[in-house]
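Numbering of the sequence shown is given in my numbering, commencing with residue 1 and proceeding in unit increments.
Just so you know, the hints here were simulated from the structure itself, not pulled from any lab data.
Every value quoted in this text rests on a predicted model; they were computed, and no experiment measured them.
Please note that a few of the clues may not be correct.
Here are the simulated DSS-like pairs of lysine-lysine, each with C-alpha atoms no more than 30 angstroms apart in a straight line [to be verified]:
1) Lys-93 - Lys-54
2) Lys-100 - Lys-79
3) Lys-77 - Lys-54
4) Lys-111 - Lys-79
5) Lys-6 - Lys-127
6) Lys-127 - Lys-77
7) Lys-87 - Lys-8
8) Lys-100 - Lys-8
9) Lys-93 - Lys-6
10) Lys-6 - Lys-30
11) Lys-7 - Lys-62
12) Lys-8 - Lys-79
13) Lys-111 - Lys-6
14) Lys-93 - Lys-47
15) Lys-77 - Lys-111
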Amino acid sequence: MPEHIKKKLQEEINALEHELSHELPKELKKAVALGDLSENAEYHMAKQRQEFVKARLRQLGKRLADLSLINLNNIPKDKVGLGSTVKVYDNDKGEEIEYKLVTSEESDVSKGLISTSSPIGRALMGKRVGDEVTVTTPTGNRELEILKLTTIHDEAQ
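Based on the sequences and whatever the hints tell you, model everything.
As structure tokens, then:
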């Protein structure tokens, strides 16, 4: 897993852990001091935030664990996979487009970085040069032909 992704996730985890252990207990204590908890909006908001933070921490922890399990040996050397740069011809737009398949944390469509879990990313995964794929997007179906493929293994050489 790229270090910058791990760092970004860890920074969010650290911030949420600080909020959970320092800021939210103070808010809850203040809200309890106001009296009747059944009609205390501050108390209920703090409790809701506390539950959200706990859920987000579980989600981030799982994502960090999942990303640490990525094994480069399992990424194909001759097919589109994580880290691949793919040049495609978009039949609908009549133009060539280059995409790099990345994790959802790194995706930035404006820079051509698309997630492997996006509609285009999912359609391209496992395909080879010369393959044609139909991608179902919110704006309708798109026909893409794979013109060139550079895998993560090619880039490492």
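The hints, checked one at a time:
no., hint, in the structure
1, Lys-93 - Lys-54, "45 angstroms, violated"
2, Lys-100 - Lys-79, "13 angstroms, holds"
3, Lys-77 - Lys-54, "39 angstroms, violated"
4, Lys-111 - Lys-79, "22 angstroms, holds"
5, Lys-6 - Lys-127, "28 angstroms, holds"
6, Lys-127 - Lys-77, "11 angstroms, holds"
7, Lys-87 - Lys-8, "29 angstroms, holds"
8, Lys-100 - Lys-8, "20 angstroms, holds"
9, Lys-93 - Lys-6, "36 angstroms, violated"
10, Lys-6 - Lys-30, "35 angstroms, violated"
11, Lys-7 - Lys-62, "15 angstroms, holds"
12, Lys-8 - Lys-79, "29 angstroms, holds"
13, Lys-111 - Lys-6, "21 angstroms, holds"
14, Lys-93 - Lys-47, "50 angstroms, violated"
15, Lys-77 - Lys-111, "24 angstroms, holds"
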